[in-house]
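Residue numbers (the numbering used here), protein chains in the order written: chain A, 1 to 316; chain B, 1 to 403.
In short, the hints are calculated from the structure, not lab data. Hints are not guaranteed to be accurate.
[What the hints assert, rightly or not] Straight-line C-alpha distance at most 30 Å; calculated DSBU-like pairs for lysine-lysine:
1) B:204 <-> A:272
2) A:293 <-> B:130
3) B:93 <-> B:383
4) B:260 <-> A:274
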Amino acid sequence: MMCNSRYRLLRIVAKYSTDASNTEFRVLDLRKGSGESAMQGRGRFQKRTEGGPQLLPPRETRMPIDQDWPSVWPGPRTFHPASVPLPVRQGYPAKDLAAPPGKYANAELMKIPNFLHLTPAAVQRHCQAIKRFCTPWPSKLTNEDACDKYFPVQTTTCDYLHSSPSIRDPLARIVTLQVKLSSLPLEGRTRDKFLRLVQERYNPETDMVTIVVDRCPTRKQNLDYSHFLLTVLYHESMKEESWEREKSPLDNELFEWQTSASRAAIDSLAVKQKLDPDYIQHYSEALTNLMNKGEDQETLADYKERALRLLGHSRN
Amino acid sequence: MIGKSVFRALNGRQEFVKRCSKIVIRASSTVPQMSLPLSSENSNPLPFFRSKQNSPSLHGSNNSGQFYTIDPSIKKQLFLYGGIPKTYDDLCKTFKETCMMIREPALEIMDYMKSTNFNNAATRYCLYGKIGTGKSMTMAHLLHYGFENNFVIVHVPWAPYWYKFPKEYSDCPTKEGMVDLPLDAVAWLIHFKNQNSHLLADPKLSVCQDWEWSKREITKKGAPLAEIVEMGINRVKHSTNCIEALLQELKQLSDLKRCKTLVVIDGFNIFFSDKTKIKTAAFEKIPPKRVTITSPFVDITKQDWSNGAVIVSVDDLAFFRKDERNTHYPRGLLGAEGFEHLDPFIPIETKNYSEKEFHYCIEYFLDRRWIINPHAASEEGRKELAFLSNCNPFNLLKVTAPL
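Pulled out of the complex, with its shape left as it was, chain A reads as follows (with noise of 0.2 Å):
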């Protein structure tokens, strides 16, 4: 029905076109017998007309290539098929084989948001209007590694707007602090304390420490309180408490060849028979591996490749 219609309103471009001024006014015709319906059927079954009323061309079919396009959708707007010059298509065909259903009268593509407001020409002109209000871009900001390294805290908040009695939204207070932990000036004990101290909040993978404060109702009091933390943080791992002291070589993350039981057995190993110190440190190497990367046919074959080196073995 549609196709129909399409190729009957093409029929009308083609008549129009002809013509010589486009800015004809139709001539509003509503008799039953008249115009083109008349030539069509007669009599009680007169066939019913075709498509319904007599429609103008879309505005598309007569949009210029070099046209502006800003000022023909200045704004968010719902798709609107005859304005957009563009053969989109859009969602599951009916039948397997068939092309997706086309823009007229097609709901997914209205109900999407789309971005035809916001082409990189409206873009330009928006950042033109708004230039004169900005100040220009730090000269040494030149990278990723140069922001992060004069701003490595990130802040992230959210706005929400309403459209009811009430624009608030408890959501907004909410504060995300962000900071790489290779900021920080941390390592050894501190930074083993700092990460004991934040847990889960750290990312191994990206080096990220994220602090999500919520705690208090206004955004202030949440981003003053997401810096205190931090600041919290870092001076409580800079400080060494007696109890820490007490951590044994069970508590320890990853095997330490130096606290461990094994390298006291080389040692007194090294007392009654004669072992040479690379093949030592070798040796501790490959334990070390085997240790904290885990036991498999690798690690394993390493460390007894270095054992035997190590205690003299070998074969003829």
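Given the coordinates of chain A, work out where chain B should sit on it, guided by the hints.
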């Protein structure tokens, strides 16, 4: 009978043959079943899967994959109280010979032992591998090697037996909180005596210090080592103390170069587990470290003595089924404590059969008539067996059993 057959032959030869064959069959049923030819009786040159060398000291990589025979008298001395896994032992009874495959892990350890500097501390070798790959069999092979080279053998066939199926347990009278396994200790001493009977007569093996068992029973310094063994066997009360004394003496004697000791313990990881079936008199379940028999064997696997070797195996089967750790690697099975005790050691892996070993094994089974099904001997059949068993020695045994 014969006349009739001749007459029939004129009419149809087939019937003659049938009659004759019937006579033959009937005749053989009265003769006793022919026994499998033993390899030692075979006057023909040995098949390729058998090794001429029956002495482990002379085994080399050229013998890899071949089967060698253990003399019945040696088997009786070494393995009477355990050492060869029961399934394989039954197989040996079926085959009427004890043959073992010479495999890479055993050859490797023997190589190391041949080139060891025995002035250095005793090296610990840890055998590990998936279930059924031949850890216990390798240990049996090495036991034979040690026996041939006059090592004093300290052998625990399967340590978990003590903790899972103890013969009898009682609270230790001398040590607080510990539990004795007196009968198991006596059994082990008998096993030790049996394995080392030829060496215990050596006058060099004499006690280095006085050992006091009770007010009236003392073993003086200079007495033969066999006296401690006898004391332990006869006086059940002192059996565990005797084991402790014996193993300490062996360490000292080895240091003094009066003997060399080979310690072989199967299922070593049980010593560092935390469960047993043993209970105190107050019905409290205890871990292995509170059992008196554990400490002497853990002690002898330390590296504070020289002139010997320690071969230990770790197996997931050593644990109770509920506590199994589903790993075959030594660190996982020994745990932190066990690994720290054994470190540094040489981990030796036992693997599934290689193509050559698999081929030799199938040939051996065919030779011994373990596999009778003709399809199994074919190329396709072997591939099927290799796939079904994944070339795992134990699985191959099970898979070929019905054939």
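Hints versus structure:
no., hint, verdict
1, B:204 <-> A:272, "holds, 25 Å"
2, A:293 <-> B:130, "holds, 21 Å"
3, B:93 <-> B:383, "holds, 28 Å"
4, B:260 <-> A:274, "holds, 21 Å"
Of the hints listed earlier, there is not a single one the structure fails to meet.
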